[in-house]
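> Starting from the known structure of chain E, fit chains W, P, V, D and C onto it as the hints suggest.
There are 6 protein chains.
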Amino acid sequence: MTQGFTHFDADGQAHMVDVGAKAETRRIGIAEGRITMAPETFAMVQSGSAKKGDVIGIARIAAIQGAKRTADLIPLCHPIPLTRVTVDFALDAAAHTITCTATAETVGRTGVEMEALTAVQVGLLTIYDMCKAVDRGMTMDSIRLLEKQGGKSGHWRADAT
Amino acid sequence: MTQGFTHFDADGQAHMVDVGAKAETRRIGIAEGRITMAPETFAMVQSGSAKKGDVIGIARIAAIQGAKRTADLIPLCHPIPLTRVTVDFALDAAAHTITCTATAETVGRTGVEMEALTAVQVGLLTIYDMCKAVDRGMTMDSIRLLEKQGGKSGHWRADAT
Amino acid sequence: MTQGFTHFDADGQAHMVDVGAKAETRRIGIAEGRITMAPETFAMVQSGSAKKGDVIGIARIAAIQGAKRTADLIPLCHPIPLTRVTVDFALDAAAHTITCTATAETVGRTGVEMEALTAVQVGLLTIYDMCKAVDRGMTMDSIRLLEKQGGKSGHWRADAT
Amino acid sequence: MTQGFTHFDADGQAHMVDVGAKAETRRIGIAEGRITMAPETFAMVQSGSAKKGDVIGIARIAAIQGAKRTADLIPLCHPIPLTRVTVDFALDAAAHTITCTATAETVGRTGVEMEALTAVQVGLLTIYDMCKAVDRGMTMDSIRLLEKQGGKSGHWRADAT
Amino acid sequence: MTQGFTHFDADGQAHMVDVGAKAETRRIGIAEGRITMAPETFAMVQSGSAKKGDVIGIARIAAIQGAKRTADLIPLCHPIPLTRVTVDFALDAAAHTITCTATAETVGRTGVEMEALTAVQVGLLTIYDMCKAVDRGMTMDSIRLLEKQGGKSGHWRADAT
Amino acid sequence: MTQGFTHFDADGQAHMVDVGAKAETRRIGIAEGRITMAPETFAMVQSGSAKKGDVIGIARIAAIQGAKRTADLIPLCHPIPLTRVTVDFALDAAAHTITCTATAETVGRTGVEMEALTAVQVGLLTIYDMCKAVDRGMTMDSIRLLEKQGGKSGHWRADAT
Chain E
1 MTQGFTHFDA
11 DGQAHMVDVG
21 AKAETRRIGI
31 AEGRITMAPE
41 TFAMVQSGSA
51 KKGDVIGIAR
61 IAAIQGAKRT
71 ADLIPLCHPI
81 PLTRVTVDFA
91 LDAAAHTITC
101 TATAETVGRT
111 GVEMEALTAV
121 QVGLLTIYDM
131 CKAVDRGMTM
141 DSIRLLEKQG
151 GKSGHWRADA
161 T
Chain W
1 MTQGFTHFDA
11 DGQAHMVDVG
21 AKAETRRIGI
31 AEGRITMAPE
41 TFAMVQSGSA
51 KKGDVIGIAR
61 IAAIQGAKRT
71 ADLIPLCHPI
81 PLTRVTVDFA
91 LDAAAHTITC
101 TATAETVGRT
111 GVEMEALTAV
121 QVGLLTIYDM
131 CKAVDRGMTM
141 DSIRLLEKQG
151 GKSGHWRADA
161 T
Chain P
1 MTQGFTHFDA
11 DGQAHMVDVG
21 AKAETRRIGI
31 AEGRITMAPE
41 TFAMVQSGSA
51 KKGDVIGIAR
61 IAAIQGAKRT
71 ADLIPLCHPI
81 PLTRVTVDFA
91 LDAAAHTITC
101 TATAETVGRT
111 GVEMEALTAV
121 QVGLLTIYDM
131 CKAVDRGMTM
141 DSIRLLEKQG
151 GKSGHWRADA
161 T
Chain V
1 MTQGFTHFDA
11 DGQAHMVDVG
21 AKAETRRIGI
31 AEGRITMAPE
41 TFAMVQSGSA
51 KKGDVIGIAR
61 IAAIQGAKRT
71 ADLIPLCHPI
81 PLTRVTVDFA
91 LDAAAHTITC
101 TATAETVGRT
111 GVEMEALTAV
121 QVGLLTIYDM
131 CKAVDRGMTM
141 DSIRLLEKQG
151 GKSGHWRADA
161 T
Chain D
1 MTQGFTHFDA
11 DGQAHMVDVG
21 AKAETRRIGI
31 AEGRITMAPE
41 TFAMVQSGSA
51 KKGDVIGIAR
61 IAAIQGAKRT
71 ADLIPLCHPI
81 PLTRVTVDFA
91 LDAAAHTITC
101 TATAETVGRT
111 GVEMEALTAV
121 QVGLLTIYDM
131 CKAVDRGMTM
141 DSIRLLEKQG
151 GKSGHWRADA
161 T
Chain C
1 MTQGFTHFDA
11 DGQAHMVDVG
21 AKAETRRIGI
31 AEGRITMAPE
41 TFAMVQSGSA
51 KKGDVIGIAR
61 IAAIQGAKRT
71 ADLIPLCHPI
81 PLTRVTVDFA
91 LDAAAHTITC
101 TATAETVGRT
111 GVEMEALTAV
121 QVGLLTIYDM
131 CKAVDRGMTM
141 DSIRLLEKQG
151 GKSGHWRADA
161 T
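Residue numbers (this note's numbering), protein chains in the order written: chain E, 1 to 161; chain W, 1 to 161; chain P, 1 to 161; chain V, 1 to 161; chain D, 1 to 161; chain C, 1 to 161.
Same shape as in the complex, but just chain E (with noise of 0.2 Å):
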């Protein structure tokens, strides 16, 4: 951690880095976060994701494109023309969780980890927004890099929690 901030520059002022001497590298982000909520209203979901109603669906639609807002909403980072978006939930009947998982991918200059993570908190949202008419109590957690892949920096995975 001897390296400092680099969105900003020897006289503390915000800018979007230079990456235009760096390589076009395939890269790749991935990244994860759960939202958690009363078991009746995981049980109206699970339901729904089978046969109507379908907020997984509709959370899946809106992280792909949440992924492609993120530098409108990430003020110093760069514009990247993604090359892959998936997005996968997983429904954890036990905990009533709901974990989101999102994969960015490009071949660029500089990395996807803030778009795989957009994606996983548009998701997240999409879901409080379909649910909380039944439930405002639910709590979205651990969103997080898992893993980054290409650039000088090379791999990077998160440690297993």
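Hints may contain errors.
Said to hold, decoys possible - Derived EDC-like pairs: lysine to aspartate or glutamate, alpha-carbon spacing no greater than 20 Å straight-line:
1) C:Lys22 - V:Glu24
2) V:Lys22 - V:Asp9
3) W:Lys22 - D:Glu24
4) D:Lys152 - D:Glu24
No lab work stands behind these hints: they were computed from the structure.
On a predicted model such as this, the values are computed, not experimentally measured, just so you know.
Just chains W, P, V, D and C, lined up with the frame of chain E:
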């Protein structure tokens, strides 16, 4: 929890629910969430806020702008003319955690819970983005609605945790 | 047809027309359009809607979000706080055609015909996008306003076709 | 038509397909569509184009801007750095119909058919918007891809109609 | 000038100020600015406006659309349902200068000065963009608010210059 | 100045010019502009930058985000994957003027002059917005391109003023 998911019609199809007959009342949503980081990262953010490299100031602006993008991001949200957005950050040195609290208000026909939650998510994501060069393992947790005022459902407060 | 194009002033210059003196009334726009595809493509969409690969569900979400982007897309449209958007799809197996019908509502100073039409166009485009790998020859037709309520011009219905 | 819908994975879940391994080649998409109006409306548009009240000129600008919004509107579209967009309008006085033809190009990893189609849709919608005060019964038809060049699938042309 | 900066709270933190208690009144903002170019460039713009290559017509559309994007661009601006936007351009052949004047209106809780100013800026930038291939040295000057009506602060006019 | 307006074709119709055959080279655009305010306003901004109420810090973030919105705002601009954006502000107490200088870079097929100019305009507008409660008479001047590097037309510098 007798009420169903309002975002689906009788056939289970998603729609943007009809709020045309609702009264225009003052509505408030308050949400919070936190990001936990390595102690060294926290120290860098803390010193920057006082002097230069103002991570918190930038995250605040991003959060406010994020609130305005809510209806773009969340598929079934109504576009809402926000009348107020405030975003605060509390730094907890012992836990090396930053808590973001956002308040959104409108005078309108539907609530602003999602605007407050979106502000929190974008605020936390912006902190992540600016610190990720030194700390990829930061985690965002406990993102939830704290309070809601206005509208037919009245005043709601999260349980103390 | 004695009235001129309202989007131009006396000198022929485009402007966003003044609706400030109009009353805030409930306004409804209903539009429809259809996409015709090869029988095999239609069969794939139809089976997907029931089981997996939910083309229709995704097109509905895109259409709803598209309605919210109308003022971004159509230069002289006023930004409008939509109070309701619904989008339905009817599958006609004999004609291997999918018809999209969108309803937009607001309580405002100007109509929502363009929001309903934009929802239909984006809904049909999304179907095209998801099916184009197997069928590039799909055609979109009969996109038109069906009905309009509210405002000074009152109720209007398209002629039966 | 042996190939399946590429926008869904083996489990039927939507994703933005991986184009990271595709070559960056020059890709062209050409689309068209038409709007039919009352003879009096057509006459007003036609005279405006020559003199003042330039409906066509405004529709062209909206169409070009619409092409740039494609990935915002169509959920599973990749963001694409367009290298060229042209939009033409042909006026057919006998049929009181305006045909919009759009060409989009990129040097990239995926095609630009959707960008061309979106340009056409937004161009036609803009004409509708500007003429709707005098003619609500206008209809948009025959919106389709005309031609596609570049990429693994090579050159494709629509059948003559 | 006894009033402080309203965009900061007592601790100096930025916020979107609370306008929820303000009355909905008709509010008008008028702004102007000019771009000065080489005489040859001016002559090309001038001839284009009359005949073909309509720089001014395109800049007008961009300015109107720009007004609608104000809250996206200016961090602490409230989203505002504009009820009218007009943009005029005056060509001064002697000074080879084009002056853009924009008027924005709403019936709302906060003013539309920023919408008028943003329209002017985007209008001038669009002229610059379309002429830059022949003249990179164009300069934009005297961009300022001319007049403001409505709201508690009442009528304001710029001093004559 | 023998070259014509490239944004129009031979018939005078606007288009997004074809840059597909241009080489991907490093391109830089540098622009500047200033805002002049009352001495008291200037003093408030100056003290805020050092202590609290950080007008300049917020304007910098808005300017960087504005650069990313250029292709959304300027109709015929190509979408460009920016590789760097920096924005600086110089405070001149004698003239009570703040000068904003923005640098944009890409590795691409077309220049980034418009991105640099848009950053400056949005930066100045944001200062105006935050100070307008105390000073509506601020004026923005001398917004112009300072320098351009890369591409076929090579290096260009504005004349000293």
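> Now look at each hint and say whether the structure bears it out.
Now for the hints, and whether the structure bears them out:
| no. | hint | in the structure |
| --- | --- | --- |
| 1 | C:Lys22 - V:Glu24 | 14 Å, holds |
| 2 | V:Lys22 - V:Asp9 | 18 Å, holds |
| 3 | W:Lys22 - D:Glu24 | 18 Å, holds |
| 4 | D:Lys152 - D:Glu24 | 11 Å, holds |
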